[in-house]
Amino acid sequence: VLAFALVWTAGIFLAPCLRSRSSHWAAWVYAAYAPVCHQIPSRSFFLRDCPLAVCGRCLGIYAGFLCGTILYPLVRGFRPPPLPETRIFILATAPIGLDTLMNFIHLYGSPNGLRLATGIIWGLILPFYLIGGLADFLIRAGSRSREPESSRGGIA
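Position one of the sequence shown corresponds to residue 1 (the numbering used here), numbered consecutively onward.
The set of hints was computed from the structure by calculation and includes no laboratory data. As the structure is a computational prediction, the values presented were derived from the model and not from experiment. The beta carbon of each residue, even a glycine, is placed where N, CA and C say it ideally should be. Hints may be right or wrong, so weigh each one.
[Unchecked claim] Beta-carbon label-pair distances, calculated as ranges:
1. 102 - 4: 27 to 35 Å
2. 49 - 4: 26 to 34 Å
3. 22 - 98: 38 to 46 Å
4. 143 - 111: 44 to 52 Å
5. 138 - 111: 36 to 44 Å
6. 93 - 41: 20 to 28 Å
7. 46 - 85: 34 to 42 Å
8. 40 - 4: 19 to 27 Å
Required output: the full structure, derived from the provided sequences and hints.
Written as structure tokens, this is what we have:
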């Protein structure tokens with residue numbers, strides 16, 4: 001998970017670096033992020049006078065996810081983890097949800113710094129659900145593979 005988060009986040013910054021050098025690879029990198037972000041330049045941060053591969057909110061989510069993934073073993077350790085309480089998810093989701101809703105219904109247009117901050121808050125908690133759920137899945141799958149065929153209802 002950490003390796004994927006590192007590569008994904010690095011690609012966000014790689015795109016404008018490649019574009020600033022007129023590399024044909026820039027279009028490929030931007031295209032990789034297009035399905036997950038609108039990539040509107042006015043909602044993006046810039047590097048080398050080129051927009052990042054994702055908007056400020058998505059940057060916050062991915063950077064927060066990367067930081068949360070790094071922090072995960074320090075907070076949870078490597079024991080089988082319980083998922084965080086639902087109220088924690090709701091509290092972390094409220095700022096990004098409210099900001100998105102207010103923009104969607106045109107009550108205000110939030111600045112990129114606020115989009116980034118709400119994205120970071122939400123991104124930080126996601127690894128605690130994803131990694132916890134993935135670990136639980138792998139533990140259950142591993143214990144199933146060690147059960148005898150007869151106890152799983154298979155043919156003896």
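To see whether the hints hold, each was checked on the structure:
1. 102 - 4: 27 to 35 Å: With a Cβ separation near 32 Å, residue 102 and residue 4 satisfy 27 to 35 Å, so the hint holds.
2. 49 - 4: 26 to 34 Å: Holds, at about 29 Å.
3. 22 - 98: 38 to 46 Å: With a Cβ separation near 40 Å, residue 22 and residue 98 satisfy 38 to 46 Å, so the hint holds.
4. 143 - 111: 44 to 52 Å: Check passed, 49 Å falls within 44 to 52 Å.
5. 138 - 111: 36 to 44 Å: 41 Å Cβ-Cβ, so the 36 to 44 Å window holds.
6. 93 - 41: 20 to 28 Å: holds, 27 Å
7. 46 - 85: 34 to 42 Å: Holds - the Cβ-Cβ distance for residue 46 and residue 85, about 38 Å, lies within 34 to 42 Å.
8. 40 - 4: 19 to 27 Å: holds, 25 Å
Hint check: no violations occur; every hint is consistent with the structure.
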